[in-house]
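A.B. asks: Here is what each chain is made of, one letter per residue.
4 protein chains.
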Amino acid sequence: MGMWIGRGRKARRCYGFDEIAIVPGVVTIDPDDVDIHWKLGNLRFEIPIIAAAMDGVMDVQFAVELSKFGGFGVLNLEGIQTRYVNPKSVIERIISASLEDFTNVLQQIYEEPIKEELIEKRIKEIKEAGGIAAVSSIPQRAERFAQIAQEAGADIFVIQSTVTTSRYISKDKPSLDFKALKKRISIPLIVGNCVTYESALELMACGIDGLLVGVGPGTACTTRGVLGIGIPQVTATADCAAARDFYYKQTTRYVPIITDGGMSVGGDVCKAFASGADAVMIGSSFAKAKESPGKGYHWGMATPHRNLPRGTRIYVGTTSTLEEILYGPAHLDDGSQNLVGALRTAMGMCGAKNIREMQLVELIIAPAIKTEGKIFQKAQRIGMGK
Amino acid sequence: MGMWIGRGRKARRCYGFDEIAIVPGVVTIDPDDVDIHWKLGNLRFEIPIIAAAMDGVMDVQFAVELSKFGGFGVLNLEGIQTRYVNPKSVIERIISASLEDFTNVLQQIYEEPIKEELIEKRIKEIKEAGGIAAVSSIPQRAERFAQIAQEAGADIFVIQSTVTTSRYISKDKPSLDFKALKKRISIPLIVGNCVTYESALELMACGIDGLLVGVGPGTACTTRGVLGIGIPQVTATADCAAARDFYYKQTTRYVPIITDGGMSVGGDVCKAFASGADAVMIGSSFAKAKESPGKGYHWGMATPHRNLPRGTRIYVGTTSTLEEILYGPAHLDDGSQNLVGALRTAMGMCGAKNIREMQLVELIIAPAIKTEGKIFQKAQRIGMGK
Amino acid sequence: MGMWIGRGRKARRCYGFDEIAIVPGVVTIDPDDVDIHWKLGNLRFEIPIIAAAMDGVMDVQFAVELSKFGGFGVLNLEGIQTRYVNPKSVIERIISASLEDFTNVLQQIYEEPIKEELIEKRIKEIKEAGGIAAVSSIPQRAERFAQIAQEAGADIFVIQSTVTTSRYISKDKPSLDFKALKKRISIPLIVGNCVTYESALELMACGIDGLLVGVGPGTACTTRGVLGIGIPQVTATADCAAARDFYYKQTTRYVPIITDGGMSVGGDVCKAFASGADAVMIGSSFAKAKESPGKGYHWGMATPHRNLPRGTRIYVGTTSTLEEILYGPAHLDDGSQNLVGALRTAMGMCGAKNIREMQLVELIIAPAIKTEGKIFQKAQRIGMGK
Amino acid sequence: MGMWIGRGRKARRCYGFDEIAIVPGVVTIDPDDVDIHWKLGNLRFEIPIIAAAMDGVMDVQFAVELSKFGGFGVLNLEGIQTRYVNPKSVIERIISASLEDFTNVLQQIYEEPIKEELIEKRIKEIKEAGGIAAVSSIPQRAERFAQIAQEAGADIFVIQSTVTTSRYISKDKPSLDFKALKKRISIPLIVGNCVTYESALELMACGIDGLLVGVGPGTACTTRGVLGIGIPQVTATADCAAARDFYYKQTTRYVPIITDGGMSVGGDVCKAFASGADAVMIGSSFAKAKESPGKGYHWGMATPHRNLPRGTRIYVGTTSTLEEILYGPAHLDDGSQNLVGALRTAMGMCGAKNIREMQLVELIIAPAIKTEGKIFQKAQRIGMGK
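Chains as they are written, first to last, in my numbering: chain A, 3 to 388; chain L, 3 to 388; chain E, 3 to 388; chain Z, 3 to 388.
Note that these hints are calculated values from the structure, not bench results. Everything hinted at is true.
Capping the alpha-carbon separation at 30 Å, the derived lysine-lysine pairs in DSS-like fashion look like this: (1) K355/E with K175/Z; (2) K41/E with K173/Z; (3) K355/L with K181/E; (4) K90/L with K297/L; (5) K175/E with K355/L; (6) K12/E with K12/A; (7) K173/A with K355/Z; (8) K70/Z with K173/A; (9) K129/A with K181/A; (10) K126/L with K184/L; (11) K41/A with K184/A; (12) K173/E with K70/L; (13) K355/Z with K175/A; (14) K251/A with K12/L.
With the sequences and hints as input, model every part of the structure.
C.D. replies: What follows is the structure in structure tokens.
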């Protein structure tokens, strides 16, 4: 499976969304008839779309709204919501910072300690408003926070860092025992991020309920530039899906995988499922929603890292309501709206009745070469036309 | 034929016009001596070029003019011509809409119901002026409209949607039976769009007379971005041509395939034939004609889709007459004019006496890398030079 | 040697200068000690560089100057020099035409008939000033013009069209018999352009003395866009070099091949030899010379084509003397000056003592990806820096 | 290992930093626990980072500062420091030259003869301030200068030219005998640049202590454009690393290889080690340091070449202190700061305990396709946003 990149050194060619396309089927299905639900532990969701744990996208209100539409969002327990009683004014500072300052401003803002009472408060606010309360932390704080979250009534706990493995070696820092944690808490546990078959298998063997897939692909993420590490999402998703299917054969336990990051339009979302995903986690697309706290801005979770920031602030603008992003009607022709409609239509064109069948449709390698026509059209849109 | 894109997942590399080139032959032929006619059912056309069913390109007048030059155009029965008695003022509204509004404006304009008496009227107008009347509808309305069209004197009926297959599954919507329809109408039936060998074979087995090839390649089309679905035109054409040739061997019935979309210059048209096409369908190139109704603008057929628009409005300007586009003389050096001359010259350089021989010439893979010189030259043309 | 581009259809991957690089040798040689002479028939030239038959580059004066430096240039007998007694004022009109008009202006200017007495006059002017007189025509006029040229004292005759093959089929036009012509004239005959092994062999078998290699690669050429025809120069050169070596084995007659077009910097010239060339033909680089008639402008030979122009006008500016372009010293760091020095240095680094050895050095495939640094540097140069 | 690029001609596909990425490991390690030291002869360095012998980057002061942080820099004995008693004013002239003039200005400045007493003086200045004194010359002057340098107290001698081989052929110029030189001097000898397995083996067999790897990859380098010669750094590093490992097996002598050039961000540095490097040599990143003499400008060593300049002047700006570049904290999110932190973090994510293990981590081929999001983000940063 590898190509020579030097004497005695082989490397596998990996693929991202821009390099592949989906092949239509021999049978087409009415989009209204396809089934797109998915399950996480005992929870069932009508749409396989999750909002990323980004402070520009997710707050209590957004979590509640998204739950009403059949999905859910993850609130970052390491973020602004649990550091500040009044997060609005803090977000205001971030989005008004100049381009030169914003890394510094972010680093400073995230120095404020996390308050455990705010963890409890945010979860209860979501639950009282009838939403799904999904919350996340980094591995180092997962034991403590998972306990607090579960007691406060959280539905789902997410453990997330740039690269998470079941084995961690340190001379003086304690490492998280996923198996032990899994025994102590009863709510579904999602862990990530992961991009390889081997790590996915090991994490599944720890008893986790869902796996986040993706290192370095998001628009607000600079991991690949800073560290050189990353795997394009099509290959990462296909590899982790293979681990899921192998683990399922061995154990009959099905651990859904969630492709996280790198999807900017409906077509990318469709490709993630065609690559093997059970659900997708989205940041930048939701940042465009009128309901999102960042007012059209978003930034990665590793952006405020004290010593080695690996993210940036992106302005996408506020173009639509959450409902339009999920269910349309689309008022733009660029694939950023009606993601659910796009997924249903694509599944219909592929003859895929449900997500499991969509995971098996034919893919081709077809680089997205921008023709002059497309470039011209783009140019027109950004204001050079007419 | 596939490459690994992930564990247990293979994908075929597919190719578009920008990635290939034609190899000159060992013998050259005088361009005046090559034969470029083609046949559809019992109809014979002197040039293998069809105008796409786009409202910015095709109206009664354009259909008549193109017929005089040896080709034909398709009038969209789902478009403005059959919704409005006076289409000119409607087109005026579309091309004067702002960039932010035009998707909305289009969606609104196409809400107006189709009038069956206008279908009859348009067809008769074309026939009275001595043109070829080719008209199109989506599969859901094909049974009704084909009947009306044939009675009104249409020469060709086209059934067209983003992806069309002979099998369609729906709980509550009736599906079109191509075989039954084919028995009821006697005029040639073109069906599309299609991009795979299997679907092409199944559609041909239904008795259709011509096949449109292409999903997602046109400049005004955003299907690949919105749905992730699409196959580059060289591979799609070669695959469907293989189906045509296999079906011909089996049945001795020859079903011509028509490459539809993605060709912006004469070189692309030549490559379509070299990939296996019997004819080509063109939108954007004809939008540049002084005779075209859109005054230099065009937009895709799926652009006004109510819930999930998959197209955009493109401005190409009005650079030449229809005659110059087809037969020259070319006053521009960019390959947008004298398409027939370009095809004849290319066939001559390849030593191909007719379209069937042109389908067999040697192709190479040669990505169109823009050198600095070419970019500079482009820059000069768009206004940075002298 | 092919890859599948569709069912039943294979294509070979071909390569251009931007996609390859030269590997340094295990031995290095002092650049002053490498030998770069070549031979055409009985003529010996000290440098393997020829100026293209472009009206913006070549006139009597330029032919004389280039001869002094060890090379030669080709005067186009179909061009301005033989249509007008006073070509200077005509060139003035071309370079002062607006971007919209220049194709029309060119088409008009080249309508003026060729005068046979001017053919004689130009050749004699070159010879009287001590230069090498090499002149060219298209195949249709070669018989007549070759006769006139030889009688006027020309040293070399060149027959050139976009694609030239030894076999040409036409109902009513006579075809050129290369063998017969070769018997009638005694001066060396260069023929082109050609890009395939088979055609090269057939042309060599006609007795020609040199072969021009290249279809569609030059900066002023738009053949690939207009006709879809073209082969990248590395592969074209390697294929024709293989034909030359095979023909030499068979006949012990060595027919040098001349890579024509697509080389914009010294590195490209070096790669042409490393791909198998015996000499190179250059247009755009010489257009930068203060001695060239086009004052920094050049345009392709097919640009004024009456019906299907396949070229454009390029402005490169007047940056240096002919001596600096050939021998340095270079005052620019971009590889456009001191082409002979670059070739000598590259040969030294490869351990190649002469052109024959340079044709055998190792090549790698290494796409010229522009890094941000390089783009930045470029941006600085075109005026955004300091 | 090769692909056909023409008849009878094969070429190997080679890879650069932009085309690969690092795969995370199954085990992760605390970044504080990884070991990044390396050895050159008997010298041990805490960080595997060397400053390039560029006049815009290295002077006495910079050498001293970098030594304090655990690395070292190379002072160019052919540069300004040994030609001028007061280099500051000379650098001022270079950085204030206009874009049109600077190649000329550089050529003129480097005409000034090298003063041997200045060689002695600079080395003593570094040693007196407690720094590592590493100095470089071209092969032609290496015998004389190595003697002087060693006597003045230098720690390391570097012999560097574009392409250096152990065998050099010239009619009238003496060639350097590396073996003989190695016997005469006792301090470690680094030689380069080299990009092939065979040359690396031959140079190691001469007894050298370290090998510089890289031809044509740096931002200030235009060798590939001017000469067509160059090998992308991932393949060059892997090939020379294979030579090092083979030579080590044969002789048990370990000759470290130093990847030189082409690394613009932390991710590239990490990839160099993952490709097989023992240390990296960096220019452009250090040019951004407030401590560097060029005040944000740098230029290649071959830029002032009298006859064939192969480099240019780049402005990178002064963005940070040397400490921030090496150890952070990073105030930018683009990977240009905290190179040591980035290397440690990447090694931790790969489960690599030391450099030798990092040389063996898994790589993938994953072209750095710029998505619209990334381009947008870039555009924002350069001033189009907010």
